[in-house]
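*Asks:* Position chain L against the provided structure of chain F, taking the given hints into account.
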Amino acid sequence: MITDSELREHFALATDDVPSGPDLETSINRGRRSRRRRRAGLLGGAVAGMIAAAAVAGIALSGSGTGSDLVATDPAPSGAADFVSGTDHDQLVERTVARHLPSLPRPDDVYPSDWDHRGPMPDADFADATDWQAAYTVSPTEELLVLSGYAPPGEKADPGCPGGRTTSGGIGCHRTPGPDGWITDDAYTTGDAYVFYSTYVVRSGFTTTVLETVTASSWDEALDRRAFVPDDLHPLLTDADLAFPLPASRR
Amino acid sequence: MGPSRTSRAPTWESTYCEFFHARQRGFMRTSYAILGSWAAAEDATQTTFTQLYVHWPRIRSETRDAYARRVLVNTCLAAARSRRRELVVDEVPDRAADPAPYDERLDLIAALRSLPVRDRAVLALRFLDDLPVAAVADALRLPEGTVKSQTARALERLHALLASPQETHHDHR
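Protein chains in written order, with this note's numbering: chain F, 1 to 251; chain L, 1001 to 1173.
None of these hints come from the bench; they were simulated from the model. Treat each hint with caution, since some may be false.
[Stated by the list, open to error] Incomplete in silico selection of chain F near chain L, CB under 7 Å: (1) H10; (2) A14; (3) P22; (4) L24; (5) S27; (6) P102; (7) S103; (8) D108.
Every value quoted in this text rests on a predicted model; they were computed, and no experiment measured them. We treat Cβ as the ideally placed atom computed from N, Cα and C, and that holds for glycine.
So that you can see chain F by itself, here it is in the shape it has in the complex (with noise of 0.2 Å):
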């Protein structure tokens, strides 16, 4: 029989010799894999739906000029991260956001997407991006993303807020007008969090939208914990900066 002690340096020894050991590298890209179909996953429902709504009309922001292109020769943003060479518009992208809600810290990530991708697509194939995508740690209950680009041709154009409607909590679907098109500021849950979304589609059918996901137990505890209001998000949605041409492979 041996004691304890024994035992813990019997344990000791057994395990003593690492060989090896888990790379940090593959821990963080692997988890940056699942946070970003994790995210994605949250287009889902409302948002999603209203953001595939959207028709094509394969030309940028009218009235607000024809938008980045997706290769610009401006030197990079001062403090912006390079999250995908080769384009500016990443960067762009987090300035935009930095200028309207300079309280927000550094994205986690900006990345391109496609009609074939809920969440990143290959951040090679930026120049068949059909939109562009910012995603924010606001907090340890509240993740935000910002979405720009546009929706899949043939789709159903903004559905707006169905009539009377009232989302869970008493929170209200809301419309606007925007300098050329109508802005939404609706809110839905998905059972463990609760996802307020303003949204902003253009006559051509180009969309910006604003997502904050708050971990909460109500409706009342996600609203109190939630950094912003549709206010806030309004100027963010309307800055042509954020648009960008039709991919000419997707017209």
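*Replies:* For chain L alone, kept in the frame of chain F given last:
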């Protein structure tokens, strides 16, 4: 750390990296004690750290160790279940080249392999990680009384196995 990773790093990632470096060796040792194979331990530890990355911003700093331990133990238990049909592989020691004719390290690991996986987990957490009963109960999501009784039974079995090492090659997961 490659340049692309650095440029994409969210602000909280540095605390994750610190935690990784501080805990990876300990997690490997715990996983090895539970799974009995360094390769399986590496897989379980890698999976654990990936899971931790996914949830890191929401894990409070004061509960990180307890949270991580729960993820590690759950990952090891799941790995053990999935490896039930790999007994032949399990019985080949990772250290085939070890020259010692009698090796206490392998003796203990072989004895542990003969215990149910939950017994291995209890013993690893109590006697390798030196955790108090309450912390083990939290990691395994069991009442403290159950941890105490399970520890006593596991110790009894282990003592018996170590006293008769020739009987330590029957996996009872």
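*Asks:* Would the stated hint for S27/F survive a check requiring a Cβ distance to chain L of less than 7 Å?
*Replies:* Because about 4 Å separates S27/F from the closest Cβ in chain L, which is inside the 7 Å limit, the hint holds.
*Asks:* Against chain L, is S103/F within 7 Å by beta-carbon distance?
*Replies:* 13 Å, violated
*Asks:* Does D108/F pass the interface hint, meaning its C-beta sits closer than 7 Å to a C-beta of chain L?
*Replies:* 4 Å, holds
*Asks:* Are H10/F and chain L close enough, Cβ to Cβ, to be under 7 Å, as the hint says?
*Replies:* Where the cut-off is 7 Å and the nearest Cβ of chain L is about 5 Å from H10/F, the hint holds.
*Asks:* Does the CB of P102/F sit less than 7 Å away from some CB of chain L?
*Replies:* 15 Å, violated
*Asks:* Given L24/F was flagged as interface, is its beta-carbon under 7 Å from a beta-carbon of chain L?
*Replies:* 5 Å, holds
*Asks:* Given P22/F as an interface hint, is the shortest Cβ-Cβ distance to chain L below 7 Å?
*Replies:* 4 Å, holds
*Asks:* Let me know if the C-beta of A14/F comes in closer than 7 Å to any C-beta of chain L, holds or violated.
*Replies:* Interface hint status for A14/F: holds (4 Å vs cutoff 7 Å).
Comparing the model with each earlier hint shows violations of hints 6 and 7; every other hint is respected.
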